[in-house]
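J.: Please arrange chain V on chain A, whose structure you already have, making use of the hints.
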Amino acid sequence: MSSPKSADQKRPLFLEPGGRGREMFAGSAKAKNKRNTMTRLWGYLRPRGNKLVLIIFLAAASTGFELTGPYLMGVAIDKYIAPGNLNGLVIIACIMGLVYILGSGAVLLQSFVMVEVSQGTIRHLRKDLFDNLQSLSLRFFDQHSHGDLLSRFSNDVENISNVLNEGAVQFISGVLMLVGASIAMFLMNIKVALVTLSIIPFIFLVPKWIAVRTRKGYRLQQQSLGSLNGMIEETIAGEKVVKAYCRENDAIESFDKFNQDFRDNAVKAQTYMTVLGPLMGFFNNLNFAIVALAGGYLALTAGLTVGTIAVFLGYSRHIIRPISTIASMYNSIQSALAGAERVFEILDREPEIVDIPGAPPLKHIKGDVTFNKVTFAYEKTNPILKDISLHAAPGQTIALVGPTGAGKTTIVNLLARFYDIDSGSICIDGQRIDQIQKDSLRRQLGIVLQDTFLFSGTVMENIRYGRLEATDDEVFAAAELSGAGSFINRLPEGYHTRLAEKGGNLSHGQRQLISIARAILADPAILILDEATSSVDTRTEINIQTALLKLMAGKTSFVIAHRLSTIRNADKVIVVDNGEIVEQGTHDELLAQKGFYFKLYMSQFKGRSATGSKVSFLEPTAL
Amino acid sequence: MSTFKRIIRFLLPYRLFVVAAPLLMVIEVITELLQPMLVQNIIDVGVANSDVSVVIHTGIWMVALAVAGMGVGIGGAVFAVKAATFMGADIRRALFRKIQTLSFGNLDKLETGQLVVRLTNDVTQVQEAVFYSIHIMIRGGMTLVGSVVMAFITNSSLAMIFFFLGPMIVIFLIFVINRTIKIFTGVQEQLDRLNTVIGENFTGIRLVKSFARTVYEKTKFGKINDDLTKQSINALKFGALPRPFMMLVMNMGIVCAIWFGGLKVNNSGMMLGQLIAFVNYLTQALMSIMMVGILLMRISRAAASAKRIDEVMETRSEIQDPFGPGIDLKPHGRLCFENVSFSYDSGRTPHRPVLKNINFIAEQGETVAVVGATGSGKTSLINLIPRFYDATKGRITLDGIDVRHLSIEALRKNIGIAMQNALLFSGTIRDNIRYGKPDASDDEVIAAARAARAHDFIVRLQKGYESVVGQRGVNLSGGQKQRIAIARAVLIDPAILILDDSTSAVDVKTESLIQQALAGIMAHRTCFIVAQRISTILNADRVVVIDNGMIAAEGTHDTLLNTSSLYRDIYDSQLKKEQIDHE
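Protein chains in written order, with my numbering: chain A, 1 to 623; chain V, 1 to 583.
I should point out that these hints are in silico values taken from the structure, not numbers from a laboratory. Built from N, CA and C at the ideal position, the CB exists for glycine as well. None of the hints are false.
Which stretches of chain V does chain A cover? Using the computed rule of at least three CB atoms under 8 Å from a CB of chain A, they are:
hint: 1; segment: 36 to 42
hint: 2; segment: 89 to 98
hint: 3; segment: 116 to 123
hint: 4; segment: 211 to 225
hint: 5; segment: 260 to 269
Which chain V residues face chain A? A few, computed with CB under 7 Å, are given here:
hint: 6; residue: I198
hint: 7; residue: G199
hint: 8; residue: F202
hint: 9; residue: L207
hint: 10; residue: T229
hint: 11; residue: S232
hint: 12; residue: I233
hint: 13; residue: N251
hint: 14; residue: I417
For reference, chain A alone in the conformation it holds in the complex:
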């Protein structure tokens, strides 16, 4: 551990041990509040109480059958084989066979029921997780890495599922087996039973001793694995940069450190885990030997039968196995608890943006928007918007301009109530937006982002996302109006063409047209547009512009504008700088003022001909 640290300071670009990796695994190393987590997990299992009772019953039955087998063998030896009662032997063999069949049947049935219980629980947990995530605000999604959230759905839930599935049954039958075998042994012969069971405390101590060490080693191993994987991911993702700057050797050097660190930790952790096998094997054999020794001795001194020895030999195997199984499951139980904790962490998140009780829906609006002295900060210390007041009359187009980070995107985010404001008010048709149902508010808004997002699914499904109950003809009409119709018809399966993940098989411009069609279909009263800045070819660009103009017709529109023409055509230009509205008015008015806007405008034309060949005005913004 010490060597990578020092090298760290020299070449920190590759070495951030404990950076991503450590944070990723810090939570999963061990559950912090075990009892609470278990109680809550139990809450998910309780609705399946009937099945759980059935499982315990079946486990008891199968354990009983499994213990009866060796007992019957003893009886067969003592009562039938030794005295030579061969007719009786056939009967007892048949009974043994029947017992074993019933035993296997019980085990099978028990597994089946457990599978249903565990998967039902997991399904429930996943559903709650997803549903709760949907209620959380954008702020939550901004603050959490999607990879981490996704891993709670996959890895963490998977860990819980595994333990429920295999662990629970084995644990229950293990305990039953231990208890059952002990009772059976005491019933048969107290002395031999005492000798056989005398070893049990040691068997419990050893796995515990190992488990403690394993846990530590396992945690270290997972941490160094996390760091190693983080390093690999980052380097491979940036491999072309590594090569462009000839840093391959440095990359290898720092990789070697992570790799060795992981290797050494893994050897330690795995060794403890693996040693458990031979150790339990030892107890198994030791117990076997003790039973044989004591049994043989007692056979001679106290008339113990050979059959009883055989039964005890069988039982001695039965009591060690469950203990070693439970011991080897220790780590999976730990990681399942940690996983459960991470899942509950999300389930405990309260949505920040909620409808006030009895909030009325927003209906048939004209599209009059007012911001009154709105103040907002993502983080308390760093106010993003200060004292924003603006008004958009129904049908007006408002252009928002200003440098990156000025707060343009935040203004439109607040209008959609993605975040709640700190002070002031935002009203639509005179109604405060925090007093109405937020879903009804958002249904009145159409948002077209420059970073177009499409779901995997057909083109039809993606357009219909704007209004789920739209008929096919309405979808076609919206597509035609947006100008997307012609290229959609040229796709191999037209509207039923499946899009690759994130619409990967369409060009940027095509995706944008589909998203505009989606907004047209939704037919909102208020539009929010984030003008695209990325360079697409001229024809597509013209198509998009035409489509947007159709979309905006008759609607109150807020445009984060990058194009001079949009700004010129706007009813009102709002110039934002550093979280404040510094100027507002029409393009011509603002130019005449010779203020901030004028400077911004002039800086574009610096060193250029009067005709002006400018493509984009102001800078692109990432919404």
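T.: Okay, now just chain V, sitting in the frame of chain A:
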């Protein structure tokens, strides 16, 4: 080289462990196999003859064997862990090294995500398989063979039971393993679908919320969740079959042994202790078959992983280093494209040429602007200069020397390149800027940052140059990242500077400021600028217009306006766009 051989080669350095682990395991197994025999001795010799000393002596032997077994067992386990883990680390290391030698073309084919999976999951799979093979597999196999042999020694005619049970179990295992793989593949697919839905939901959350589609999304998720649950239940139920079945077979074996054995004890003088020992051997043998079967399933999964690792190992870098002289290369920077053609041999569209017969000269100190439509081949063209790819035909010379004759490192150290996709590493901003020259002084870093117009925003950050970039660090905008990437390119003081659409996310105002700041730096170097905006191009000494992989025109902005209709089109289209916007 076959996959198997390659793994063996990786195990060679640890051959001592690899040999010792199974050897110790054999000893452990033998100690275990002797136990039932000794029990037999206690019963048939000790108890039958009422000889207490035999009972006690044999018992002590049994305990001693148990201790010995534990000792060698632990030894074997430790060796197996060491061999497998060390080998895993070595494979990972070799793989990582290999990746460092691959060319851009190789990387394109192998895909980033795939490479990460190979380095992590696949190596772990192989490592586990090797561990199982030399540890549990050998142990299980030995126990199986040993107990069958011992069972035959104990009573050969009773041991015929094996001929009946063995095939049953083997056939059952083959059936189950085949089915399981199929069923679990289905579950995996369903799981992938679920993950896609979740992932898309997160990425598109803004859209979901703005269309108020929460209920719709919940229903969509709910359906897939239910499907997954149904499939998982089926798969897991199927997976639950082997245990009870094998147990049943095993126990039926015991019943048979008791039955036939009982007859034998009475008819042909078989000893009772023999029967008990036989039952024990039978149990051990069947248990180990079960273990081996389950392990085979896991190991077969690792075979696919090993193959995927192999694929990378077998990849030959498309770009070969000539081992030529010139580590101290100090080029003047006169670049010459001579009849250069190029195609990405990516399999999808084989040999579709991306560049055709490119001829042009960039004189020392000249600034060359490369313009053209998206997909015309601009980036491909400049990627040939640092040999990210090699030309398929023709050659590129630097100061008259074919770039393929220069050492790659020497060549690249003299080329500063800022790509459109400005990729930064986690670490501080300072470290990112001096990435190409880790020992750069703070002054150099600041000078480079100023030239890229990044200094001002960097010092406004809370920790300035020490701000950490990355997941938990400051979030830089696309334009800010691009400026840092430009600073990184400038800092290495290259003879050739390439800006590949590297200001696409920067506003026009900042872009012109960057240009002013870079003017001094660019004056003495050969520069290539790929850009969409005409303003960027106006200052270039020369403009190369690429169309469909060929040079359509070449000259200064003013001459091209008069001579090239394509250039005028590109130029006009911007104006036209503006005018259409007006209407």
